[in-house]
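Student: What follows is each chain in one-letter form.
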Amino acid sequence: MSGKPSLSDTKADANGFVEHLRIVDLVTGYGKKQVINGVSLEVSRSEIVALIGHNGAGKSTLLKAIFGMIPIWQGQVFLDGQVVPAPKPHELLRTGVSYVPQGNRVFTDLTVCENLEMGGITLPDKQRLKKGMERVFTLFPALKDRLKQRAGTLSGGEKQMLALGNALILSPKVLLLDEPSLGLAPPLISEALGRIRQINRDSCVTVLIVEQKVREILKIAKRVYVLRNGCVSFTGPTEELKDELKLREVYL
Amino acid sequence: MEYLLHILVLGAVYTVLTVSLDLLAGRTGLLSIAQAAFYGIGAYTSALLVTQVEAPFLVGLLAGVAVAVLISFIVSLPSLRLHDDYFVIATFGFQMILFSIFNNWIGLTRGPMGIPGIPQPVILRWRVDTHLEFLVLAIVLACFAYLVVWRITSSPFGRALHAIREDEVFAKALGKNTLRFKVTVFAVSAALAAMAGSLYAHYITYIDPTSFTVMESILVISMVIIGGAGSLWGPLVGAVLLVTLPEALRFVGLPSAVAANLRQIIYGSLLVIMMMFRPRGLVGKYGFSK
Amino acid sequence: MLQALINGLIAGCGYGLVAVGFALVYAVFRILHVANGGIYATAAYVVCWLTVDRGFGAPAAISAGILVGGTLGWLVETRIYRPLRHSNSSSLVLLIASLGVLIVVQNLLSLVFGDGTRTLRPGVVQSAIVIGSLHITLLQVAIVVVSTLLYVVTSTILFLTRIGCLVRAVADDHYLATVVGVPTDRVLLLVMVGASALASGAAILVAYDTDLTPMMGFEAVFIGITATVVGGMGSFPGAWLGGLLIGLARNLGGWWLPARWQDAVVFAVLVVFLLLRPQGFFGKPLKKAHL
Amino acid sequence: MTSDGIPRLRCEGLRKCFDGTHALHDVRLELPSAGIVAIIGPNGAGKTTLLNVLTGFLRADAGQVFLGDLELTRMAPHKISRLGIARTFQDLRLILQVPARENVLLARPNQKGERLLTALFRFGVPQEEVRNREEATRWLRFVGLEEKANEAAGELSYGQQKLLTLACCLAAEGRILLLDEPVTGVHPEMIAQILDMLRLLRDQGRLVVLVEHDIAAVRQVADVVIVMDEGRIIAQGKPSEVLERPEIIEAYVG
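Top to bottom, those sequences are chains A, B, C and D.
Numbering (the working numbering) for the first sequence: 1 to 252.
Numbering (the working numbering) for the second sequence: 253 to 542.
Numbering (the working numbering) for the third sequence: 543 to 833.
Numbering (the working numbering) for the fourth sequence: 834 to 1087.
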């Protein structure tokens, strides 16, 4: 799968899907320890793809590598069929890729408003920042009431909104989400994932999402990749995993 | 010739100091800035006993060691509850307090006036009064310090120290009482530094607080780091190099005031350069790189 | 007693500023930036050299001093800290390198300007406000005013501007700052230059009040460290208050004890805080280094 | 004390909070004196926290831990370890620069050479070292790493490093082994090898407790499965029963 990317890569396939994000034979890890042993995956435009698997399977690591938080040892990342040579966070943000790290991280010492300003730091002017904020507030009106509150004092659900808001303020085309349900009480989880689906529908954003709450994520994702020991052990449309036995087989 | 011997004696005294600090910083990963204080405790205890009650050299030396060990507990037990930067700061605080005592408890230490007239040592019948004899004594003590540290590091005790340096949690999980090891090693290190202090006091025959400042601690740290922390020969290389280097400057014909500053500048630059390009030191293995 | 209190406050104002610079760097870099002491002393010496030896006016000299301090900070960050950070060195490695810089700078100063004490104070008798037995020079009033002003300006920048927000974001969560696209290296550089300028300003103020020695940088470091520990590592108001407290402790300690024990008082405070309340007044609880 | 006279590890009412979320919520557990017990559950269920509390690395907010009649609740980790409760860590903790054998030697309990004076004067230390080396070699052989004994632990593969930590636990004379993810991330062939070892250890009368994500492995080896979710124990029993229950899969994928 090497060589120059050709334009034909971006053309719609038979189902009318357009490739948006593609990863080919990616290998990475921390220090000496290899965590991802050659993963290839593909996300189409406006699609929600879930990445599931056990603790330590390498899901978070994969997202970090795609976003350039850790160096890629081997393999390539393609965006719109164009290879991204060595992904760097600020460059990816500019091309419309946003990443929300694990556990809905926000700047706890900053206020909600300041958090959003930081989220929009790469925007070229104030106008767009303002517009972005407005958009975030229409999505999450709850945040608007808490503009001056320190983010550390927000509830779990609000933190999740803010973490998403920090990314959405840039109106990204691709969202990389790392376990948005982490630390949320069970009733809030489906709510949180519902929000993500809503955003995906409204703004046609492409979503690659890492989740542990498999049942919940299967409700919103279109396709699934199961990671085991740094390799893809299963891939297919979510329907295939709706079957209890199949789910048990690939997941447990 | 006398001069060369003098340099060598100093080299040996500093070797004792670097070996003692390396046991703590290099082998156990505890970077202490209080080494000069223990060096001073050895020097002062010994000097006071010998000048005030005319105790023999060996008694002074042993008393210095004993006092240093006692005070090491006062310093280490609370400081060891802290980690990394905080531990460094705590030892720094103790160094400054102890220095303040040397400098200000005039009734005991005569403060900045120092203690003159410390007699040269007599060990049994051996009166150590020539430079050559001093060199022999200093080398014997340096070898003793080396022997102690080597015995410790090459034993199961040293294995546990190594584990504490690399991963204290692992050591604890394997049933090692890490606090006991650290306190013990702190005491041994203080004892060796005190021994160096006692030797120094009897060699120079005059001590004042300026020899035991935090800068002296930093000098010893520099020696260990430049030589190579956590290695057999690193402390020796560091001590000899940093003792002889400024003397070389003097030979070039620089006035001594300039040479003193220039020496420090070289130490400082070496520290920076070492950290940037060779954090493990000239002959060392361990680079403070947890 | 009251005189000691006031002297303590005046000294504390200078210390507070030193501590704020120190705390700022610690909050953002998570390192003990002892090299700041070298920058501090250099700035004071530059001003002294320009005014006393070269006959420049105070404003020009002070600007030059701050400029030199800032430049030194820039050099330390770009030439030493940044490469070390990028090679994932531990904080101890950075501390040792920083110490090396302090030693080099301090000895360069004593090489060039001599070991002796130098003074910046104008030769003329200083006008003073005398209230009863209290004696406060106008210069001291100026020191308090300028120092407070500098603190207020720094806090305003930190808490009310966009740049300040960036700095706080990096201090809060370096990783997340990178994720949202904050140019962290540039922010760090800015903080370093700012903290250096602040230290330079503090140095110049203190130099006008007391005298200059090449060791003054070292003194600034230990006061900076103590004040930040007392106030709580990484807390700006805490550092400022810590500085004031240390000024008071030194001078009030001098009231009961002979003056030569002043430093011992400071370190006793440091050790007591480290042992009983290592997070200081306003800091967050220390994280245990385990698990 | 139980009928077989071997003190059992048990805990009552354990609670632990991190930033307001319950990592452990009233955990009561009595482990058998021997056998293989697997603790499973989704991420964040509190399994590793439980291990950390049992071994003294974390202090519980409430509740007690006992070994037989002996209370371990506030005991320091090294003291608990000396009672024969050995553990491994998820992020393999080893001294990477030194040979594998040195790691195992470190684990030997009650070494005379770890006292300062004996270290200095070497009374009986060489003889003790010889014995400990034999013991270390024995356990290295047991986990199949005898040939790697002189290689630096950092040079070993991930799976071999896991085996090495197991050897350390055994050399520490652990009768109760608490293993955090012993087969996660390990090659399939090596998994079978590790499971065989665990069975052998059980047959020697040890209690092996494993926190594991690999359900297939758990199914093969465990006598008892304990399922945790959100800081509570939600099921306990034989793997054939427990793993088929719908609430288990619910906990995992919910």
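Hints in this document: simulated from the structure, not taken from any laboratory.
One should not assume that every hint holds.
[To be verified] In silico EDC-like links for lysine to aspartate or glutamate, alpha-carbon gap of 20 angstroms or less: (1) A:242 - D:1080; (2) A:242 - D:988; (3) A:88 - C:805; (4) A:242 - D:1077; (5) A:246 - D:988; (6) A:88 - A:109; (7) A:242 - D:1083; (8) B:537 - D:1077; (9) A:33 - B:419; (10) A:33 - D:1080.
[To be verified] Take a look, some chain D residues computed to stay more than 10 angstroms from chain A by CB distance: (11) 841; (12) 861; (13) 877; (14) 903; (15) 904; (16) 943; (17) 955; (18) 959; (19) 968; (20) 1047; (21) 1065; (22) 1071; (23) 1073.
Beta carbons are placed, not taken as given, at the ideal position from N, Cα and C, and that holds for glycine.
Student: To test your reading of the hints: which numbers does this structure violate?
Tutor: 2, 3, 5, 6, 8, 10, 13, 20
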